[in-house]
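Student: With the sequences and hints as input, model every part of the structure.
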Amino acid sequence: MNKYLISGNSVIAEAAIRAGCQCYFGYPITPQNELTEYMALHLSRKEGCTFIQAESEISAINMVYGASIAGARAMTSSSSPGISLKQEGISYLAACELPAVIVNMMRGGPGLGSISASQSDYFQATRGGGHGDYRTIVLSPASGQELADLTQRAFDLADNYRTPVIILGDGMLGQMMEPVEFHKEAPENLSTKSWALKGAKDRPSKIIKTFTSNPNELEEINWRLFRKYRLIEREEVDYETYMVEDAELIVIAYGIAARIAKGAIKKARAHNLKVGMLRPITLWPFPFKKIQEISKRVQYFFVFEMNMGQMIEDVQLALEGNGEISFYGRPGGVIPTPSEVFRILSRQYYQKGLNR
Amino acid sequence: MLIKTIFSGFGGQGVLSMGYNLSRAGMLEGKMTTYLPSYGAEVRGGTANCTVAISDEEIASPVASSPEFIIVMNQPSFIRFQNLLQSGGVFLVNSSLVNIETTRGDIEVVEVPATQLAEELGNTKVANMVMLGAFVKKSNLISIKTLIEGIKETLGKTKPALVDINKKALNTGYNLF
Amino acid sequence: MTIKTVYKRPKLLKERLFHYCPGCGHSVIHKLLCEVIDEMNLKERIVCIPPPGCSVFAYNYLDIDMAESAHGRGAAVATGIKRVSPETIVFTYQGDGDLSAIGTAETIHAANREEKITAIFVNNAVYGMTGGQMAPTTMIGQKTTTSPYGREVNKEGYPLKMSEILSVVEGTVYIERTAVNSPKNIKKTKKAISKAFQVQIDNLGFSMVEILSPCPTNWKMSPIESWHWVDKEMVKEFPLGVIKDRIKVKKC
Ligand SMILES: Cc1ncc(C[n+]2csc(CCOP(=O)(O)OP(=O)(O)O)c2C)c(N)n1
Ligand code: SF4
Numbered sequence: 001m002n003k004y005l006i007s008g009n010s011v012i013a014e015a016a017i018r019a020g021c022q023c024y025f026g027y028p029i030t031p032q033n034e035l036t037e038y039m040a041l042h043l044s045r046k047e048g049c050t051f052i053q054a055e056s057e058i059s060a061i062n063m064v065y066g067a068s069i070a071g072a073r074a075m076t077s078s079s080s081p082g083i084s085l086k087q088e089g090i091s092y093l094a095a096c097e098l099p100a101v102i103v104n105m106m107r108g109g110p111g112l113g114s115i116s117a118s119q120s121d122y123f124q125a126t127r128g129g130g131h132g133d134y135r136t137i138v139l140s141p142a143s144g145q146e147l148a149d150l151t152q153r154a155f156d157l158a159d160n161y162r163t164p165v166i167i168l169g170d171g172m173l174g175q176m177m178e179p180v181e182f183h184k185e186a187p188e189n190l191s192t193k194s195w196a197l198k199g200a201k202d203r204p205s206k207i208i209k210t211f212t213s214n215p216n217e218l219e220e221i222n223w224r225l226f227r228k229y230r231l232i233e234r235e236e237v238d239y240e241t242y243m244v245e246d247a248e249l250i251v252i253a254y255g256i257a258a259r260i261a262k263g264a265i266k267k268a269r270a271h272n273l274k275v276g277m278l279r280p281i282t283l284w285p286f287p288f289k290k291i292q293e294i295s296k297r298v299q300y301f302f303v304f305e306m307n308m309g310q311m312i313e314d315v316q317l318a319l320e321g322n323g324e325i326s327f328y329g330r331p332g333g334v335i336p337t338p339s340e341v342f343r344i345l346s347r348q349y350y351q352k353g354l355n356r
Numbered sequence: 001m002l003i004k005t006i007f008s009g010f011g012g013q014g015v016l017s018m019g020y021n022l023s024r025a026g027m028l029e030g031k032m033t034t035y036l037p038s039y040g041a042e043v044r045g046g047t048a049n050c051t052v053a054i055s056d057e058e059i060a061s062p063v064a065s066s067p068e069f070i071i072v073m074n075q076p077s078f079i080r081f082q083n084l085l086q087s088g089g090v091f092l093v094n095s096s097l098v099n100i101e102t103t104r105g106d107i108e109v110v111e112v113p114a115t116q117l118a119e120e121l122g123n124t125k126v127a128n129m130v131m132l133g134a135f136v137k138k139s140n141l142i143s144i145k146t147l148i149e150g151i152k153e154t155l156g157k158t159k160p161a162l163v164d165i166n167k168k169a170l171n172t173g174y175n176l177f
Numbered sequence: 001m002t003i004k005t006v007y008k009r010p011k012l013l014k015e016r017l018f019h020y021c022p023g024c025g026h027s028v029i030h031k032l033l034c035e036v037i038d039e040m041n042l043k044e045r046i047v048c049i050p051p052p053g054c055s056v057f058a059y060n061y062l063d064i065d066m067a068e069s070a071h072g073r074g075a076a077v078a079t080g081i082k083r084v085s086p087e088t089i090v091f092t093y094q095g096d097g098d099l100s101a102i103g104t105a106e107t108i109h110a111a112n113r114e115e116k117i118t119a120i121f122v123n124n125a126v127y128g129m130t131g132g133q134m135a136p137t138t139m140i141g142q143k144t145t146t147s148p149y150g151r152e153v154n155k156e157g158y159p160l161k162m163s164e165i166l167s168v169v170e171g172t173v174y175i176e177r178t179a180v181n182s183p184k185n186i187k188k189t190k191k192a193i194s195k196a197f198q199v200q201i202d203n204l205g206f207s208m209v210e211i212l213s214p215c216p217t218n219w220k221m222s223p224i225e226s227w228h229w230v231d232k233e234m235v236k237e238f239p240l241g242v243i244k245d246r247i248k249v250k251k252c
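Protein chains in written order, with my numbering: chain A, 1 to 356; chain B, 1 to 177; chain C, 1 to 252.
Worth flagging that the hints you see were computed from the coordinates, not collected in a lab. Wrong hints could be hidden among the right ones.
[Stated by the list, open to error] Just a sample of chain A residues kept apart from chain B, beta carbon distances all over 12 Å, derived: (1) His42; (2) His131; (3) Glu178; (4) Tyr239; (5) Val298; (6) Met308; (7) Gln351.
[As the list claims (entries may be wrong)] Covered stretches of chain B (chain A as the covering partner; in silico rule of three or more C-beta atoms under 8 Å from a C-beta of chain A): (8) 59-71; (9) 116-128; (10) 137-144.
Just so it is clear, CB atoms sit at the ideal spot from N, CA and C, and this is done for glycine as well.
Tutor: Shown next as structure tokens:
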């Protein structure tokens, strides 16, 4: 298979095209511009495909909503401030049970923040983000290769569960290049979508909507959504473990932070510190069960995020008061180094007396 | 083995292309590699830099907080990066355009008159390739053959007329020491 | 021999190096704003709303009060300030991506409410800050990173003329389109800015100066070429001059 050296943003775009994405709607924002630009170059002239640079992120997500109603595989991408604007549309997609893929290459916030990589949108992504009671599947890639693989998976999950799927990357993953292989040469023929609206030919007319003046009806819609979410929680949890078997201290980190943490753990192991890692790949659904299982043997957990502590709340929920958690975070788009994380890790390790 | 290198200079000096071609050659030799360009507002005002990591193992962070090698093509980059280099690191300086001396005694400074040599080859634009050739010899990270093959592939598609001069420039730099 | 000062650094321009690319129009416009604000003696009562865009760092250069807005929302933010504090002279500084794409709604509705604010609208036909993507003002056929094959009318539409659009909105009082690609045009721009501010001082309504401004970096031209391009190409699509002037009508 061919290896490519292209930016993470371009990897997502290429993988999306290979996954059969027919429509892309975007709006410029650093650090994800290469994705939009790749689509302008490679999707805009493809037979049956559409590329539009919208006048705003609000417009872009609503174009996705429309394309999804028409039965196409559609996606949009942005970075933190733009994702805030998309929340209204994501809420409607979730409510109408329409598939869509939304990429967030996170940058430092709040406000206009910085264009440097960050993980400050964990809450927004994993708690629905917009108004109303809903969830979106959230995938957290940590390498160029995973950007390719998870993009394919995002489209499949979106269609299977008829739900918006978020790929939660960051500016660093988007900008950097590393060798990547695409497992799919070209998009397969996708089946037509049963829900698509094209006109009531040979069938009764259909409606896609969320508004109802009857609270009981809305309650039933919410119950239906949550039956689906329970199913996703059962079926789709994904994570990676690294050297957990004999570990006394477990690092929990995702995305780019997990990658940095892995470097720190290698240093720790070189010093004979028994440290391992759990890396959630799906942030929602979150690997609660796996953490509980590990906590039967391990007492100490170390959460590392590039924010002031968001996923740590899910870890706390998972541990239900068992085990001890310490936290290290750098907000605002500062990129910590593996040596720095190793320093903090090893201090924790010795303070807890784990070396004895 | 994990080796990180920073390339820096004016936009237009081909700094990003040095890093990209090195990283790609690393990939062609089956190594792990990352390439991280500077981006956004950082590139306004005309400077550019990038970081390349090459390793036998997975690379934790593509950022270099204390790189083994730094290549500077102009004076502002010299000033900005000289203190970042790790102790014992190698500092490759485009001596045609940089005329100051380092204040550090714990690093190896290699002067490469890249712009002048490129001019002698008939095209100042290939100063970057002269420098890259010199770097390959100094660092021994990848083979010059892979690099030339790689550049033939990428440049051959877009600007085939320039393959020859780039190859010459790489060899000129490589054969300096 | 007597020495005569023919040019000096405007008082309100901070002593800092511009981060703008060589040949960029933003630096000229900043300088003009400093001069006008100083000459009209407005420093103590003026607030600027700079946008996300290359001019996001305008506060590094203009020594006046400034409050950053979200992308495109300048006119709404300015409305808030002006309504609370009518004595303050409030102006937005906005790029073409900011004012004519994501901020179209805010701009049109602020103008329609006859908000007593001023927009300094810098039209460089691209998104500068984010790396040269197509803007609503991009010329037909112009290549950008998101119109790599050149802007096509049937897919991307026509260059949007915000000044003309706003001229049919009742609440606008003064709209002029100028450029900063020659000494003559720079002088005219300065005059237009002071006129627009005067409209606000006189409490007449919404005023705007659209300034055609070179972006050599993203147009992939030398500064000189980019100045010529404004004359040769942009002016055809965006003719210079006063587009609307209702000052006299409003005054009586
Ligand atoms: C909601 C949101 N979307 C996107 C961006 C990214 N962004 C920053 S500036 C800008 C536009 C720049 O173009 P323009 O307004 O024409 O100003 P110029 O840089 O050319 O002066 C964009 C899209 C943002 N900051 N916020
Ligand atoms: S990119 Fe364009 S608008 Fe931005 S500073 Fe450079 S020349 Fe000016």
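Student: Using Cβ atoms and 12 Å as the threshold, tell me whether Tyr239(A) really stays out of contact range of chain B.
Tutor: Fine: 17 Å to the nearest Cβ keeps Tyr239(A) off the interface.
Student: His42(A): least C-beta distance to chain B exceeds 12 Å?
Tutor: holds (15 Å)
Student: Run the C-beta distances from Glu178(A) to all of chain B and say if the shortest one exceeds 12 Å.
Tutor: violated (5 Å)
Student: Over 12 Å from every CB of chain B: does His131(A) meet that, or does the non-interface label fail?
Tutor: holds (31 Å)
Student: Over 12 Å from every CB of chain B: does Gln351(A) meet that, or does the non-interface label fail?
Tutor: holds (24 Å)
Student: Taking the closest pair, is the beta carbon of Met308(A) still more than 12 Å from chain B?
Tutor: Non-interface label on Met308(A) holds, nearest chain B Cβ at 20 Å vs cutoff 12 Å.
Student: When I compare C-beta atoms, does the stretch 137-144 of chain B have three or more residues closer than 8 Å to chain A?
Tutor: With 0 residues in contact (Cβ-Cβ under 8 Å with chain A), the coverage given for the stretch 137-144 of chain B is violated.
Student: How about the stretch 116-128 of chain B: do at least three of its residues have a C-beta closer than 8 Å to a C-beta of chain A?
Tutor: violated (count 0)
Student: Please check whether the stretch 59-71 of chain B has three or more residues whose CB lies within less than 8 Å of a CB on chain A.
Tutor: Since 6 is at least three, the answer is holds.
Student: According to the definition I'm using, a residue is off the interface if its beta carbon is farther than 12 Å from all beta carbons of the partner; does Val298(A) meet that for chain B?
Tutor: holds (22 Å)
Violated hints, listed in ascending order, are 3, 9, 10; each of the other numbered hints is respected by the structure.
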